[in-house]
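Undergrad: Build the full structure now, drawing on both the sequences and the hints.
Going down the list, the protein sequences come from chains A and B.
According to the working numbering, the first sequence is numbered sequentially starting from 1.
According to the working numbering, the second sequence is numbered sequentially starting from 101.
A hint or two may mislead.
What the hints assert, rightly or not - Take a look, some chain A residues computed to stay more than 12 Å from chain B by CB distance: (1) Val15; (2) Met49; (3) Trp51; (4) Ile58.
Claimed, not checked - Calculated pairs, SDA-like style, for lysine to any residue (alpha carbon to alpha carbon, straight line, at most 20 Å): (5) A:Lys71 / B:Ser120; (6) B:Lys121 / B:Leu168; (7) A:Lys71 / B:Val115; (8) B:Lys116 / A:Asn24; (9) A:Lys21 / B:Asn124; (10) A:Lys16 / B:Ala114; (11) B:Lys171 / B:Leu132; (12) A:Lys71 / A:Gly25; (13) B:Lys116 / B:Tyr174; (14) A:Lys71 / A:Gln22; (15) B:Lys116 / A:Gly25; (16) B:Lys171 / A:Leu28; (17) A:Lys21 / A:Val11; (18) A:Lys71 / B:Val111; (19) B:Lys116 / A:Leu29; (20) A:Lys16 / A:Met1; (21) B:Lys121 / A:Leu61; (22) A:Lys16 / B:Tyr174; (23) A:Lys16 / B:Gln122; (24) A:Lys21 / B:Lys121; (25) A:Lys16 / B:Lys121.
For the record, the hints were derived by calculation from the structure and aren't laboratory data.
No experiment lies behind these values; they were computed from the predicted model shown.
Just so it is clear, CB atoms sit at the ideal spot from N, CA and C, and this is done for glycine as well.
2 protein chains.
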Amino acid sequence: MAAILTTLSFVPQAVKTIRSKQTNGLSLLMYLTFTVGIGFWLAYGIYLMSWPMIIANIVTLALSLTILGLKLRYG
Amino acid sequence: MAAILTTLSFVPQAVKTIRSKQTNGLSLLMYLTFTVGIGFWLAYGIYLMSWPMIIANIVTLALSLTILGLKLRYG
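TA: As structure tokens, then:
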């Protein structure tokens, strides 16, 4: 439940950023650090062969990379 | 390591939002869902009596509540 909520919480942010292109309020350092952190969670999930962790973190990684990409593009 | 990065990643966002008050790019739905999700992770950590989880999620909860509060205040 917790993993679903924290993972899916990035969907509305990604959608809003894709639509509005308003990235000035977003912190680049946050999404850089967060994306690397999720990378570690994904590696840890693979290490444990825990499919819920692997799937949740692949989704979160895709969402945070999307937001990070938009932030880099629109500044 | 993963927990430290994903937890601390919210510090730059909280600092940026506190300073800039630029919340229009932030998704209210994200921070509502995320904050509830972190609440579940905290409850899960207490259930497991896992101090690393409890401490990491208390910090993340405080940061996401701060950002959520600013978003509610500045719209």
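Undergrad: Does each hint fit the structure? Answer for all of them.
TA: Comparing the hints with the structure gives:
1. Val15: violated, 8 Å
2. Met49: It holds; Met49 (chain A) is separated from chain B by about 16 Å at its closest Cβ, greater than 12 Å.
3. Trp51: holds, 17 Å
4. Ile58: Check passes; 14 Å lies beyond 12 Å.
5. A:Lys71 / B:Ser120: holds, 16 Å
6. B:Lys121 / B:Leu168: holds, 12 Å
7. A:Lys71 / B:Val115: OK: Lys71 (chain A) and Val115 (chain B) at ~17 Å, within 20 Å.
8. B:Lys116 / A:Asn24: It holds: about 10 Å lies between the C-alpha atoms, which stays within 20 Å.
9. A:Lys21 / B:Asn124: Since the Cα atoms of Lys21 (chain A) and Asn124 (chain B) sit roughly 11 Å apart, the hinted pair holds (cutoff 20 Å).
10. A:Lys16 / B:Ala114: holds, 19 Å
11. B:Lys171 / B:Leu132: holds, 10 Å
12. A:Lys71 / A:Gly25: holds, 10 Å
13. B:Lys116 / B:Tyr174: holds, 14 Å
14. A:Lys71 / A:Gln22: Roughly 9 Å between the alpha carbons, so the hint for Lys71 (chain A) and Gln22 (chain A) holds.
15. B:Lys116 / A:Gly25: holds, 8 Å
16. B:Lys171 / A:Leu28: Answer holds: Lys171 (chain B) to Leu28 (chain A) is near 18 Å, not above 20 Å.
17. A:Lys21 / A:Val11: Cα-Cα ~15 Å, so holds.
18. A:Lys71 / B:Val111: holds, 17 Å
19. B:Lys116 / A:Leu29: This hinted pair holds, its Cα atoms lying about 10 Å apart.
20. A:Lys16 / A:Met1: Violated, at about 23 Å.
21. B:Lys121 / A:Leu61: violated, 27 Å
22. A:Lys16 / B:Tyr174: holds, 17 Å
23. A:Lys16 / B:Gln122: holds, 15 Å
24. A:Lys21 / B:Lys121: holds, 18 Å
25. A:Lys16 / B:Lys121: holds, 18 Å
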